[in-house]
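Build the full structure now, drawing on both the sequences and the hints.
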Amino acid sequence: MFRRFTLAAVLCAGVSGLALAEEPRQGGTFNFTAPYGSSFATLDIQASPNTQEEFITQAIHRSLYAWDSINNAPVLELATGVDVSDDGLVYTYHLRKDARFHNGKALTADDLIYSYKRVADPKNAFPGASYVAIIKGVDDFAAGKSEDIAGLKKIDDNTLEITFSSPVNPGFSLMQNTTAIYPSNVEDEATFATAPVGLGPFRFKEHIPGSQLVVEKFEDFYEEGKPYLDRVNIILMSEDSARDVAFRNKEIDVSILGPTQYQAYQQDDALKDNLLEVAEVYTRNIGFNPKVEAFQDKRVRQAINHAINTPLIVERLVKNKAYPASGWLPISSPAFDKDKAPYAFDPDKAKELLREAGYENGFSFEVTASPNESWGVPIVEAILPMLQKVGITVKPKPVESSALGEAVTTNNFEAFIWSNQTGPDPLAAMRCYWSKTAQSACNYTSYSNPEFDKLYEAAREERDPAKQTDLLRQANNLVQDDAPVWFFNYNKAVMAYQPWVHGLVPNANELALQPYEDIWIDDTAPASRK
Amino acid sequence: MLRFTIRRILQIIPTIVVVALLIFVIFSVVPGSFASSLFSDGKTAADPQLMARLNEQLGLDKPVHQRFLTYVGDLAQLDLGTSFRTRRPVLELINERIWASLQLAVAAMIFAVVVAVPLGFLAALRPGSILDTVTMVGAVSGLSMPQFWLGLLLMYVFALQLNWLPSFGYGDGSLRNLILPAITLGVTPLALLARTTRAGVLDVLNGDFVRTAHAKGLSEAQVVRRHVARNALVLIITTVGLLFGSLIGQAVVIEKLFAWPGIGSLLVDSVAMRDIPVVQGTILVIVVWFLVINTAVDVIYALVDPRIKQE
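Quick mapping for you: the protein sequence lines, in order, are chains L and B.
Residues -5 to 524, numbered by my numbering, are exactly what the first sequence covers, in order.
Residues 323 to 633, numbered by my numbering, are exactly what the second sequence covers, in order.
None of these hints come from the bench; they were simulated from the model.
Please read these numbers as outputs of a predicted model, since none were measured by experiment.
Misleading hints may appear alongside valid ones.
As the list claims (entries may be wrong) - Ranges between beta-carbon positions, derived for each pair:
1. 338(B) with 153(L): 56 to 66 angstroms
2. 323(B) with 367(L): 33 to 43 angstroms
3. 83(L) with 338(B): 54 to 64 angstroms
4. 381(B) with 521(L): 45 to 55 angstroms
5. 449(B) with 520(L): 47 to 57 angstroms
As the list claims (entries may be wrong) - Derived lysine to any residue pairs resembling SDA-like cross-links, with alpha carbons at most 25 angstroms apart:
6. 199(L) with 421(B)
7. 244(L) with 486(B)
8. 199(L) with 425(B)
9. 99(L) with 82(L)
10. 199(L) with 493(B)
11. 365(B) with 446(L)
12. 389(L) with 352(B)
13. 391(L) with 367(B)
14. 430(L) with 394(L)
15. 91(L) with 111(L)
16. 117(L) with 179(L)
17. 199(L) with 352(B)
18. 365(B) with 16(L)
19. 384(B) with 406(L)
20. 117(L) with 378(B)
21. 365(B) with 253(L)
22. 365(B) with 65(L)
23. 117(L) with 413(B)
24. 266(L) with 112(L)
25. 147(L) with 199(L)
26. 199(L) with 484(B)
27. 266(L) with 421(B)
28. 365(B) with 360(L)
29. 391(L) with 375(L)
30. 244(L) with 498(B)
31. 430(L) with 498(B)
32. 365(B) with 366(L)
33. 130(L) with 69(L)
34. 448(L) with 290(L)
35. 266(L) with 482(B)
36. 365(B) with 179(L)
37. 365(B) with 435(L)
Where a beta carbon is used, it is the ideal one built from N, C-alpha and C, also for glycine.
As structure tokens, this is what we get:
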């Protein structure tokens, strides 16, 4: 499995390498597709936590940090340097002096203070509030006890001091879509939702709701010579089959593939060489609720992991567009333990564990599931006969995606199947198993293990990255042994791209999010793109 | 005539009230909420504080009856509320999309009428002929073909194979972008209309007054033009009205498939995100559209056939 991932990573690196080896061509139009819905919820991207709106961010906005897809880590974006205090709480950022908003305003510390206050303002109820909550004083500001956020201090126009509540890596929180930096000189904030202004490589040109969003090259972008493209059309195309026709017809330049298309494209000589694959930081799983008596016994949960032939389901149903999961953290996580073996498919062992736990006659439970083909009802239907063989009866409870979220966060389920983001920050991902994390937050299986808590708390305090990673690796292995979920798979995201497109990167956070400023198209592109 | 028209318009009001009530009740009991939908992609860990704050801010923490009274009060002032996700007035969002939907519906209906009515007429005038057989087989096929599949088929043939037309999108609003979605949407009404026209014309052709007209020595063309066409028109107008009224509702799938920026795709995303004000507003607009078209049809065929007005 790991070898395959490495191969995919090499292939991906090959794509980038090719792009770097040639001289990028200036100009042209890139037809990008936004596949996660038939509209944008809003153009005010601080108000939306969804991937669909992140496509807008990538083009128009910038945050203090950005994600480096090659090195798999957050990096400074709007600052040229940062000084960190010895206790790891105070960060002094030296902001870029060459960054300008699309309305002509130069970036200053005031813009970051304004943006973080806007995100934290309880009147706005923005989803990024939990990310900026790492800044000292946000609680008091949100509670109305203070008019300012104590942890934000402007030293001068180009220097901002941020004091954090604990010694966390702020990059993971402050690189988010929902913590993007807005200009502080826009009088009517309502215009952010109709004519967004940002620091990104492209400026807003036009939005045809339900059809596309068009952005044009921003000449004053701070990276010299970039962007290469003149224009990006972000086209709304949620239907896989329609996207397939449009891609084959060369009307769009990239397309995110589902399992069925992935298989078809792999077998098509004209398409198979232009597939970008990456192990994304999502773990598909079935979470067990300890309210069901049987699930309180670790042996029962382990038995379920042994009773299901996970590789078979990944191969036949998910068409190998996933990597079988061994634990909670995904392959691309630094704390993933490649030496820890996954649960082996072993029905006899499962029966033995069930007998030891007093469930030799089996039991039944219900799995709340959405219709998703990769982590929904079809998967529950596939495990049904496997669990039946060890005496466990499974009943799928089909619900819509929104209802699934509500059922899980209100603890109204016996078991659920979901795809949860488990990166890029392993500390944040493992927080979901800390006993002090509320069930409704992300400790959906009400997991509680004092040994895990000790490891997690030690990792949280640890300042040495290598030691922190080691602690998280141990914590992850503990979760694997305790099996609060059935570890199903880690998503393999696949993007098909036209041969004239260069500069795409294997973004493990979300493959569909690409750095538009690095993308260019060569001379072989159709006339409509040049 | 004026009294007839006013009476028909007044009959719309109770229907709208009942529909508004139904929409409200349905979306008050279905599981899922806007706050939970924000975290439904599993991308971000749920934030209970934010969810509570959102529910409070959007008034979703209030009892159902109180929310209903607010909704009805706003509706009486023609205020459809504010979208949960865009935080913009629902009317503004609908206004951005309705014109593309109307454009698509009108184009589909023109395509259906222009093809179906002459075909239905000719088939009825020559029952049992090759034309009649081909028309009816085509009509049955049109009715039985899923629109989604037909759309994909048209994309495959006219975009991918022949490269004549774009496979998706609104483009700059040109006719080229409109053709495939309009044909896809228009095929079902075309098939229904062709069958209805044929049946209507055949029925009229068997009428005593047609035999009398023939007996008086009128030519075939004169009989068809003066007696058959006019009498068959009532049935055709009724069918066109019903079909046209329901086209915007049917366009939901087509708009999603062709990335057409109408209210159908707005509705689909709003349902998924539990953006209730937009769902309520959009459905209400679709219903009002249907009622208005049918009222207009009632008025038109009262003009065509004065007996209806008297009834």
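Each hint, compared with the structure:
1. 338(B) with 153(L): 56 to 66 angstroms: Because 60 angstroms falls inside the window, the suggested range holds.
2. 323(B) with 367(L): 33 to 43 angstroms: Cβ of residue 323(B) to Cβ of residue 367(L): about 57 angstroms, so the range 33 to 43 angstroms is violated.
3. 83(L) with 338(B): 54 to 64 angstroms: Because 60 angstroms falls inside the window, the suggested range holds.
4. 381(B) with 521(L): 45 to 55 angstroms: With a Cβ separation near 53 angstroms, residue 381(B) and residue 521(L) satisfy 45 to 55 angstroms, so the hint holds.
5. 449(B) with 520(L): 47 to 57 angstroms: About 51 angstroms separates the Cβ atoms of residue 449(B) and residue 520(L), which means 47 to 57 angstroms holds.
6. 199(L) with 421(B): Given that 25 angstroms is the threshold and the Cα spacing comes to 21 angstroms, the pair holds.
7. 244(L) with 486(B): Holds, at about 13 angstroms.
8. 199(L) with 425(B): Holds. Residue 199(L) to residue 425(B) sits at ~24 angstroms (cutoff 25 angstroms).
9. 99(L) with 82(L): Status violated; Cα separation ~32 angstroms.
10. 199(L) with 493(B): holds (15 angstroms)
11. 365(B) with 446(L): Distance of about 23 angstroms is within 25 angstroms: holds.
12. 389(L) with 352(B): Holds, at roughly 21 angstroms.
13. 391(L) with 367(B): Given pair residue 391(L), residue 367(B) holds - Cα atoms ~22 angstroms apart, limit 25 angstroms.
14. 430(L) with 394(L): Given that 25 angstroms is the threshold and the Cα spacing comes to 29 angstroms, the pair is violated.
15. 91(L) with 111(L): At roughly 22 angstroms apart (the allowed maximum being 25 angstroms), residue 111(L) and residue 91(L) satisfy the hint.
16. 117(L) with 179(L): Cα-Cα ~20 angstroms, so holds.
17. 199(L) with 352(B): violated (38 angstroms)
18. 365(B) with 16(L): This hinted pair is violated, its Cα atoms lying about 35 angstroms apart.
19. 384(B) with 406(L): Cα-Cα ~21 angstroms, so holds.
20. 117(L) with 378(B): Within the cut-off at roughly 10 angstroms; holds.
21. 365(B) with 253(L): holds (20 angstroms)
22. 365(B) with 65(L): With Cα atoms ~21 angstroms apart, residue 365(B) and residue 65(L) stay inside 25 angstroms; holds.
23. 117(L) with 413(B): holds (23 angstroms)
24. 266(L) with 112(L): This hinted pair is violated, its Cα atoms lying about 46 angstroms apart.
25. 147(L) with 199(L): Outside the cut-off at roughly 35 angstroms; violated.
26. 199(L) with 484(B): Answer violated: residue 199(L) to residue 484(B) is near 32 angstroms, above 25 angstroms.
27. 266(L) with 421(B): Violated. Residue 266(L) to residue 421(B) sits at ~41 angstroms, over the 25 angstroms cutoff.
28. 365(B) with 360(L): Holds, at about 24 angstroms.
29. 391(L) with 375(L): holds (11 angstroms)
30. 244(L) with 498(B): Measuring from Cα to Cα gives roughly 17 angstroms; hence the hint holds.
31. 430(L) with 498(B): Cα-Cα ~59 angstroms, so violated.
32. 365(B) with 366(L): Cα-Cα ~15 angstroms, so holds.
33. 130(L) with 69(L): holds (22 angstroms)
34. 448(L) with 290(L): holds (21 angstroms)
35. 266(L) with 482(B): holds (19 angstroms)
36. 365(B) with 179(L): violated (32 angstroms)
37. 365(B) with 435(L): holds (13 angstroms)
In terms of the numbered hints stated before, the structure departs from hints 2, 9, 14, 17, 18, 24, 25, 26, 27, 31, 36, listed from lowest to highest.
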